[in-house]
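Asks: Go ahead and model the full structure; you've got the sequences and the hints to work with.
Under our numbering, the residue at position 247 of the sequence shown is numbered 247, and the numbers go up by one with no gaps.
FYI, nobody ran anything at the bench for these hints, they're computed from the structure. Owing to the predicted nature of the structure, the values given are computational and were not obtained by experimental measurement. We put the CB at the ideal spot given by N, CA and C, even for glycine. Treat each hint with caution, since some may be false.
[To be verified] The calculated lysine to aspartate or glutamate pairs, modelled on EDC-like cross-linking and capped at a C-alpha distance of 16 Å, are: (1) 150 / 229; (2) 44 / 61; (3) 245 / 112; (4) 60 / 99; (5) 150 / 204; (6) 63 / 99; (7) 126 / 248; (8) 201 / 144; (9) 243 / 133; (10) 45 / 64; (11) 231 / 144; (12) 126 / 175; (13) 60 / 92; (14) 245 / 133; (15) 245 / 101; (16) 60 / 88; (17) 150 / 136; (18) 126 / 247; (19) 44 / 74; (20) 45 / 61; (21) 243 / 136; (22) 63 / 88; (23) 243 / 112; (24) 201 / 229; (25) 165 / 175; (26) 150 / 133; (27) 231 / 204.
[As the list claims (entries may be wrong)] Here are the simulated distance ranges between beta carbons: (28) 154 / 122: 33 to 41 Å; (29) 248 / 165: 16 to 24 Å; (30) 248 / 67: 33 to 41 Å; (31) 246 / 203: 35 to 43 Å; (32) 219 / 52: 31 to 39 Å; (33) 133 / 67: 28 to 36 Å; (34) 49 / 156: 20 to 28 Å.
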Amino acid sequence: MVEPVPAHPATSNPPAANPVAPLLTGGTITLYIGEETFVFLPNKKIGAVDGSNWTYIPSKDPKEARLAAVRFADSLPSHIRLREGAVDMITDALTAAIDTEVAVPSWRLASDVLLSMAQVSAAGGKNASVALDHIDGLVLQPHEVFSFNKAVGPRNAHNGFGPGKVLVGNRYITEMGGGICFSSTIVHQAVVHADEQSGLKVIERHRHSRPAPYVEAGGDATVYYGVMDYKFRNGAYMIAIEKQKTDDGMGLRFWRAVN
1 MVEPVPAHPA
11 TSNPPAANPV
21 APLLTGGTIT
31 LYIGEETFVF
41 LPNKKIGAVD
51 GSNWTYIPSK
61 DPKEARLAAV
71 RFADSLPSHI
81 RLREGAVDMI
91 TDALTAAIDT
101 EVAVPSWRLA
111 SDVLLSMAQV
121 SAAGGKNASV
131 ALDHIDGLVL
141 QPHEVFSFNK
151 AVGPRNAHNG
161 FGPGKVLVGN
171 RYITEMGGGI
181 CFSSTIVHQA
191 VVHADEQSGL
201 KVIERHRHSR
211 PAPYVEAGGD
221 ATVYYGVMDY
231 KFRNGAYMIA
241 IEKQKTDDGM
251 GLRFWRAVN
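Replies: Quick look at the structure:
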């Protein structure tokens, strides 16, 4: 007698496949960042085609969109930086995956100055560095007046300063914060080398009684708290100030707001 072969239960189903976000037909996304234009086209992968054209996965998956936005932001040229909220705007556009144009808020490099420290004493270099620390990260509003003395504050130990040499007339004496004029000179150099669109204007500047060895003749700016200040007026755009320091140099970058 042959045993009958048991039938499969009528309710049996193959195992369910792992859910995958559907790949959609996406739109063309155009990003305007300052004077630059970048285009995202739908594809099966995320990546740069060339400097101005990118592909993205139109899956409506916010994680995929965020990945593409961050990768794009990290690849931007060194003279461009995205402002707060910009990556979120790009992520939203990539998630929506429809034809759209987005003006992305950004910073554009407006001035980039680095002066050699070869002619600066160790104490003076330290005080100048502390002064630039007080300025680093400062954002100036349109038409705001920058005051070096206001931004840096009194030259005392509480503010991080130590003793250094100060030129008084034709002789040097030791005072707290001595050497800080290297940093005020850096600010002045950043102002005079800023691009025309920034519209920066010097409104108070004083020179040393003798040429400063760390800058070209006539390019210095001396300060003395409560007596001599360095001031400039910002133009029509926000400006962000960034300190830069290398093993043998110190300087500033000015970033101009766009969009």
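Asks: None of the hints should be skipped; say for each whether it holds.
Replies: How the hints compare with the structure:
1. 150 / 229: Roughly 9 Å separates the two Cα atoms, so the pair holds.
2. 44 / 61: Holds, because 13 Å separates the two Cα atoms, which is no more than 16 Å.
3. 245 / 112: holds (12 Å)
4. 60 / 99: holds (14 Å)
5. 150 / 204: Distance of about 13 Å is within 16 Å: holds.
6. 63 / 99: violated (20 Å)
7. 126 / 248: At roughly 12 Å apart (the allowed maximum being 16 Å), residue 248 and residue 126 satisfy the hint.
8. 201 / 144: Satisfied, since the Cα-Cα distance of roughly 11 Å is no more than 16 Å.
9. 243 / 133: Holds, because 7 Å separates the two Cα atoms, which is no more than 16 Å.
10. 45 / 64: Judged against 16 Å, a Cα distance of about 10 Å means the pair holds.
11. 231 / 144: holds (10 Å)
12. 126 / 175: The hint holds at about 14 Å.
13. 60 / 92: holds (10 Å)
14. 245 / 133: Distance ~11 Å between residue 245 and residue 133 Cα, so the pair holds.
15. 245 / 101: violated (38 Å)
16. 60 / 88: The hint holds at about 15 Å.
17. 150 / 136: With a Cα-Cα distance of about 14 Å, the restraint between residue 150 and residue 136 holds, given a limit of 16 Å.
18. 126 / 247: holds (13 Å)
19. 44 / 74: Violated, because 21 Å separates the two Cα atoms, which is more than 16 Å.
20. 45 / 61: Roughly 13 Å separates the two Cα atoms, so the pair holds.
21. 243 / 136: Given that 16 Å is the threshold and the Cα spacing comes to 5 Å, the pair holds.
22. 63 / 88: holds (12 Å)
23. 243 / 112: The hint holds at about 10 Å.
24. 201 / 229: holds (15 Å)
25. 165 / 175: holds (6 Å)
26. 150 / 133: Status holds; Cα separation ~14 Å.
27. 231 / 204: At roughly 5 Å apart (the allowed maximum being 16 Å), residue 204 and residue 231 satisfy the hint.
28. 154 / 122: 33 to 41 Å: violated (22 Å)
29. 248 / 165: 16 to 24 Å: Holds - the Cβ-Cβ distance for residue 248 and residue 165, about 20 Å, lies within 16 to 24 Å.
30. 248 / 67: 33 to 41 Å: The hint (33 to 41 Å, Cβ to Cβ) holds, given that residue 248 and residue 67 are roughly 39 Å apart.
31. 246 / 203: 35 to 43 Å: About 30 Å separates the Cβ atoms of residue 246 and residue 203, which means 35 to 43 Å is violated.
32. 219 / 52: 31 to 39 Å: Given a distance of about 38 Å, which is inside 31 to 39 Å, the answer is holds.
33. 133 / 67: 28 to 36 Å: holds (35 Å)
34. 49 / 156: 20 to 28 Å: The hint (20 to 28 Å, Cβ to Cβ) is violated, given that residue 49 and residue 156 are roughly 56 Å apart.
When each numbered hint is compared with the structure, violations occur for hints 6, 15, 19, 28, 31, 34.
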